[in-house]
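Chains as they are written, first to last, in numbering that gives the first Met the number 0: chain G, 0 to 272; chain A, 0 to 322.
Take the hints with a grain of salt, since some may be wrong.
What the hints assert, rightly or not - What the simulated footprint calls covered on chain A by chain G, stretch by stretch (three residues with Cβ under 8 Å from a Cβ of chain G suffice, anywhere in the stretch; the number is not a length): (1) 22–28; (2) 33–43; (3) 174–183; (4) 192–200; (5) 248–257; (6) 305–313.
What the hints assert, rightly or not - List time: in silico EDC-like cross-link candidates among lysine to aspartate or glutamate, alpha-carbon distance up to 20 Å: (7) G:K173 with A:D136; (8) G:K53 with G:D89; (9) G:K172 with A:D145.
Calculated from the structure, these hints are not laboratory results. C-beta: ideal position from N, C-alpha, C; glycine also.
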Amino acid sequence: MGKEYAAPGEYGLADLLCCAASREVGDNEVVFAGTGLPMVAIMLAQKTHAPNLKLIFEAGTLDGRPPEIPTSVGDARCEMGASRASGLYDAFSIAQRGYVDLGFLGGAEVDVFGNVNTTCIGDYLAPELRLTGSGGNPDINSFARRTVFIMVHEKRRFVENVSYITSPGWRVKKWPEGELVPRRELYGAAYRGGPSAVISTAGVFRFDEESGRMYLDTCHPGKTPAEIRELCQFDLDISRVAGETEPPTREELRLIHDVLDPDQIFIPRVPQG
Amino acid sequence: MSNSKRITLQQAAEIIKNGSSLTFSGFTIWRRPMAIIFELIRQGRTGLHLIEVNGGPQTEFLVGAGCVDIWESCWVGHELYGKYGANLSRRVGNGEILVEDYSHAEMMFRFAAGAAGAPFSATQTSLGTDIHNPAYDMLGRAGLRDGNNPRIPRHKYRFVDDPFYGAGQQVLVPAAKVDVAVMCVQQVGEEGTVRVAGQYYSDPEAARTADITIVMAEEIVPEEYLRREADRNTTPSFEVNYIVECPFGAHPTGMFGRYDVDGAFLKDFYGRTRSQEGFDDFAKEWIHGRDHLGYLDKLGWPRMLKLKANTALNYSAREKKGE
Numbered sequence: 000m001g002k003e004y005a006a007p008g009e010y011g012l013a014d015l016l017c018c019a020a021s022r023e024v025g026d027n028e029v030v031f032a033g034t035g036l037p038m039v040a041i042m043l044a045q046k047t048h049a050p051n052l053k054l055i056f057e058a059g060t061l062d063g064r065p066p067e068i069p070t071s072v073g074d075a076r077c078e079m080g081a082s083r084a085s086g087l088y089d090a091f092s093i094a095q096r097g098y099v100d101l102g103f104l105g106g107a108e109v110d111v112f113g114n115v116n117t118t119c120i121g122d123y124l125a126p127e128l129r130l131t132g133s134g135g136n137p138d139i140n141s142f143a144r145r146t147v148f149i150m151v152h153e154k155r156r157f158v159e160n161v162s163y164i165t166s167p168g169w170r171v172k173k174w175p176e177g178e179l180v181p182r183r184e185l186y187g188a189a190y191r192g193g194p195s196a197v198i199s200t201a202g203v204f205r206f207d208e209e210s211g212r213m214y215l216d217t218c219h220p221g222k223t224p225a226e227i228r229e230l231c232q233f234d235l236d237i238s239r240v241a242g243e244t245e246p247p248t249r250e251e252l253r254l255i256h257d258v259l260d261p262d263q264i265f266i267p268r269v270p271q272g
Numbered sequence: 000m001s002n003s004k005r006i007t008l009q010q011a012a013e014i015i016k017n018g019s020s021l022t023f024s025g026f027t028i029w030r031r032p033m034a035i036i037f038e039l040i041r042q043g044r045t046g047l048h049l050i051e052v053n054g055g056p057q058t059e060f061l062v063g064a065g066c067v068d069i070w071e072s073c074w075v076g077h078e079l080y081g082k083y084g085a086n087l088s089r090r091v092g093n094g095e096i097l098v099e100d101y102s103h104a105e106m107m108f109r110f111a112a113g114a115a116g117a118p119f120s121a122t123q124t125s126l127g128t129d130i131h132n133p134a135y136d137m138l139g140r141a142g143l144r145d146g147n148n149p150r151i152p153r154h155k156y157r158f159v160d161d162p163f164y165g166a167g168q169q170v171l172v173p174a175a176k177v178d179v180a181v182m183c184v185q186q187v188g189e190e191g192t193v194r195v196a197g198q199y200y201s202d203p204e205a206a207r208t209a210d211i212t213i214v215m216a217e218e219i220v221p222e223e224y225l226r227r228e229a230d231r232n233t234t235p236s237f238e239v240n241y242i243v244e245c246p247f248g249a250h251p252t253g254m255f256g257r258y259d260v261d262g263a264f265l266k267d268f269y270g271r272t273r274s275q276e277g278f279d280d281f282a283k284e285w286i287h288g289r290d291h292l293g294y295l296d297k298l299g300w301p302r303m304l305k306l307k308a309n310t311a312l313n314y315s316a317r318e319k320k321g322e
């Protein structure tokens, strides 16, 4: 029984993102998820190749098995089948203690080292637009062994310098001077890893272990490496492209649309026929 | 004697003076004490200093109404019903409000320190981010870290090398110190014992940190009922100063086991309050010139019944999500 992949036209970009993100999850891992697409991706993994993953939401549900997608991490649905319902002190202590294998997050801007901004656009002291703020983004990115970001790909979002470093990447600022240093050096004993992938609407990006710089790993179907490099303000390494992003399978699409998100809260259905 | 803590919504809001520092129960769009928030707006409170583990509609209403001078927290928005806090964004852009940014874990650990009576917590979170950029210490820039305000610490954070195990650089974050915590929960006993159903978010720490804790509950129940299963209770009676009975008091935010988030209401609020005129119009329609019962009257039974949770599932099976 080989995998039955969906044909182009049978799935949308959100489906592809969700499936690509789900493939980052290993079975038996402890996964910390934010609201939205990351949540759908993890629950998809839980229903396919990673039935034993442990799901943590930062509002305080630990090892839950929601039958349908919660609207946010504070939602009552998060608690269905949970091992424990508690609060934020538990969730963040668990992360700082080192239990979390994988974090799933979003962001408004990212730089070549995986530093992410969710705080403001423009000068912090006189912002053009104030965004939501950090939330748990820096905390999960500080403590998980690896972090996957899911982002809309626009040139204004893949930038040379983010407006504000909300969440730490592979090279971070050492205060009070603010010089860029390798993450391991600053984090010392608290070092566990960092951003492992960015899954954008254009492709999948990973980071070089040595330099901490982002490179293009796979292009989404229909995109070329050169096109994707043009969508970045920084000099994107496209020398290591491994091919196309694996499309969704028919079973994955069925789970997303019939089981996890039938009301199309986070993932719109692509009209068929 | 058993009723000595019971007060009205109006009295609860009157306890919160101009310039008070405040924190709230709940998480983003869940279990926020909205009925008291609306009453504070009716009473025209000014100069509030919000210290929150995270923000939500309660922040956006108070900020939009001009009640807030300082906001220390990490996040504000309405989840999928509003991308960010439009009122806070507008007032930050206009320089009308001071915002001090921390990370979510830092804010939680600040409350844990406050609740433990410790002056600070040590953590490693957010190392290397602009949260620790000394140029972005906004209360310091405003000259407010001179020690004159007992709610404002002398530093935003401090770095220290672990003196015990040699684990490298740590961040010390100051304890949260607040005048009043306003909680919104399912049940409170006549003497103040609180039982939260579902995730308790940062409620126990928020209630313990504050000098005065006001609990607004869906129902006030006999103390002996709660004391039969003390392991299910989240806050002991003596940490609570005042109790208020207020059904549907968290609307438009949700309450586990009782009612869901009113997504349509929040979407409407987010859409209409992206300008100050829009906010004023919204406040005129929903807040001013009516009390809590008037608010529920305007909301109407069909809408409230649609939100009402199924007691087996703890959420509403009628409410189509995402609407």
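A quick look at each hint next to the structure:
no., hint, in the structure
1, 22–28, "holds (count 4)"
2, 33–43, "violated (count 0)"
3, 174–183, "violated (count 0)"
4, 192–200, "holds (count 4)"
5, 248–257, "holds (count 3)"
6, 305–313, "holds (count 3)"
7, G:K173 with A:D136, "holds (16 Å)"
8, G:K53 with G:D89, "holds (15 Å)"
9, G:K172 with A:D145, "violated (27 Å)"
Of the numbered hints stated above, those contradicted by the structure are hints 2, 3, 9, listed in ascending order.
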